[in-house]
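Enquirer: Sequence:
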Amino acid sequence: MSIGASAQLLRGFAVDFLTCHNVATVETIMEPDYALSIGGFLLAGRDDKYLPATAAQLEQFPGLCVTVHDTVIGPDAVAMRFTEHGASHRHDGRLSTWGGVTLFCIKNGRLCKGWAEEDYYARKRQLADATCDVVKSPHPAPWDAPCEAPDAAVEALAREWLVTPDSWTDTSRIDEISAEGPRFVELLMIDAVTINQLFSAGQRGAFHLSCTGTYTGGFEDINPARTGQIVTLHLSGIFDVAGGKVARVQVTADRLGLHRSLMGPK
Numbered sequence: 000m001s002i003g004a005s006a007q008l009l010r011g012f013a014v015d016f017l018t019c020h021n022v023a024t025v026e027t028i029m030e031p032d033y034a035l036s037i038g039g040f041l042l043a044g045r046d047d048k049y050l051p052a053t054a055a056q057l058e059q060f061p062g063l064c065v066t067v068h069d070t071v072i073g074p075d076a077v078a079m080r081f082t083e084h085g086a087s088h089r090h091d092g093r094l095s096t097w098g099g100v101t102l103f104c105i106k107n108g109r110l111c112k113g114w115a116e117e118d119y120y121a122r123k124r125q126l127a128d129a130t131c132d133v134v135k136s137p138h139p140a141p142w143d144a145p146c147e148a149p150d151a152a153v154e155a156l157a158r159e160w161l162v163t164p165d166s167w168t169d170t171s172r173i174d175e176i177s178a179e180g181p182r183f184v185e186l187l188m189i190d191a192v193t194i195n196q197l198f199s200a201g202q203r204g205a206f207h208l209s210c211t212g213t214y215t216g217g218f219e220d221i222n223p224a225r226t227g228q229i230v231t232l233h234l235s236g237i238f239d240v241a242g243g244k245v246a247r248v249q250v251t252a253d254r255l256g257l258h259r260s261l262m263g264p265k
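Okay, so the sequence shown: first residue is 0 according to numbering that gives the first Met the number 0, each after it adds one.
No wet-lab data here; the hints were simulated from the structure.
Some hints here could point you the wrong way.
[To be verified] Computed cross-link-like contacts, SDA-like style, restricted to lysine to any residue with a CA-CA straight-line distance of at most 20 Å:
no.	residue 1	residue 2
1	Lys123	Glu147
2	Lys123	Ser166
3	Lys135	Gln249
4	Lys123	Ile221
5	Lys112	Gly39
6	Lys106	Leu41
[Stated by the list, open to error] Label-pair distances were calculated between CB atoms; the ranges are:
no.	residue 1	residue 2	range
7	His88	Thr24	43 to 53 Å
8	Leu41	Cys19	21 to 31 Å
9	Asp46	Thr231	27 to 37 Å
10	Ala224	Glu185	11 to 21 Å
11	Asn222	Ala148	43 to 53 Å
12	Ala155	Glu58	42 to 52 Å
13	Ala155	Asp128	37 to 47 Å
14	Asn222	Ala52	37 to 47 Å
15	Ala241	Ser136	16 to 26 Å
16	Glu58	Glu159	16 to 26 Å
17	Ala148	Ala246	18 to 28 Å
18	Asp91	Ser209	35 to 45 Å
19	Pro145	Ala224	48 to 58 Å
20	Ala127	Ala52	33 to 43 Å
All C-beta atoms in this analysis are idealised placements derived from N, C-alpha and C, irrespective of residue type, glycine included.
Kindly generate the complete structure, drawing on both the sequences and the hints.
Expert: Structure, rendered in structure tokens:
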């Protein structure tokens with residue numbers, strides 16, 4: 000027996016491509032017009048835009064590894080929660096770990112579009128102060144998760160929860176993938192949520208969002224006069240539905256992108 004086709008694609012991305020640094024793998028797992036949406040940017044075109052950006056990170060972290068903590072497997076879409084970690088040759092070999100969530104649509108047996116957010120804010124901190132965060136435990140069998148069909152009712156529940164600003168104040172359901180510094184719910188009062196992508200696989204699923212709202216403070220090195228400024232924050236995550244409601248959300252936010260936008264001209 001072997002793992003399913005969708006799981007093979009996700010494993011090819013996480014293991015064969017990124018962890019093994021085998022760039023040639025993309026020819027078999029990604030469509031030529033593959034595009035990645037991350038941090039408010041669109042890297043459109045596998046060879047022209049996406050690969051150069053990813054290759055630059057692999058060059059900076061020549062021993063980069065990907066540890067997978069969770070996966071969602073569907074026939075036409077997949078997602079994973081992960082931690083990337085390695086030593087940066089641009090920072091005298093300083094170590095860093097940073098988490099994230101990525102999700103993909105599948106077409107013609109290959110990944111055709113991706114959405115992701117990663118905690119680059121944590122990575123920047125670790126490289127600056129020569130500390131290294133602990134990598135969480137890996138999933139014991141990430142590629143053996145069952146491939147489940149999409150469920151319209153599950154997606155409807157998730158959409159309603161995700162676009163309701165008050166949902167994000169219920170931290171008991173939210174597992175924020177971040178390390179030190181302010182949590183995104185402490186940085187932003189959300190006014191509106193745009194769902195850029197969402198899919199389900201059984202009672203689980205994944206999403207990518209753009210949230211607009213008011214910066215409420217929280218970054219120690221940002222001028223307090225910025226408080227009250229309207230900002231946009233991008234999120235990606237995995238959700239679980241149980242008992243007819245959203246029971247858990249694992250989510251990572253582009254804290255570094257928000258920080259940079261607040262550092263710029265007002």
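Enquirer: Taking the hints in turn, state whether each one holds.
Expert: Results for each hint:
no., hint, in the structure
1, Lys123 x Glu147, "violated, 37 Å"
2, Lys123 x Ser166, "violated, 29 Å"
3, Lys135 x Gln249, "holds, 14 Å"
4, Lys123 x Ile221, "holds, 16 Å"
5, Lys112 x Gly39, "holds, 15 Å"
6, Lys106 x Leu41, "holds, 19 Å"
7, His88 x Thr24: 43 to 53 Å, "violated, 23 Å"
8, Leu41 x Cys19: 21 to 31 Å, "holds, 26 Å"
9, Asp46 x Thr231: 27 to 37 Å, "holds, 29 Å"
10, Ala224 x Glu185: 11 to 21 Å, "holds, 18 Å"
11, Asn222 x Ala148: 43 to 53 Å, "holds, 50 Å"
12, Ala155 x Glu58: 42 to 52 Å, "holds, 44 Å"
13, Ala155 x Asp128: 37 to 47 Å, "holds, 45 Å"
14, Asn222 x Ala52: 37 to 47 Å, "violated, 30 Å"
15, Ala241 x Ser136: 16 to 26 Å, "holds, 22 Å"
16, Glu58 x Glu159: 16 to 26 Å, "violated, 43 Å"
17, Ala148 x Ala246: 18 to 28 Å, "holds, 20 Å"
18, Asp91 x Ser209: 35 to 45 Å, "holds, 36 Å"
19, Pro145 x Ala224: 48 to 58 Å, "holds, 52 Å"
20, Ala127 x Ala52: 33 to 43 Å, "violated, 22 Å"
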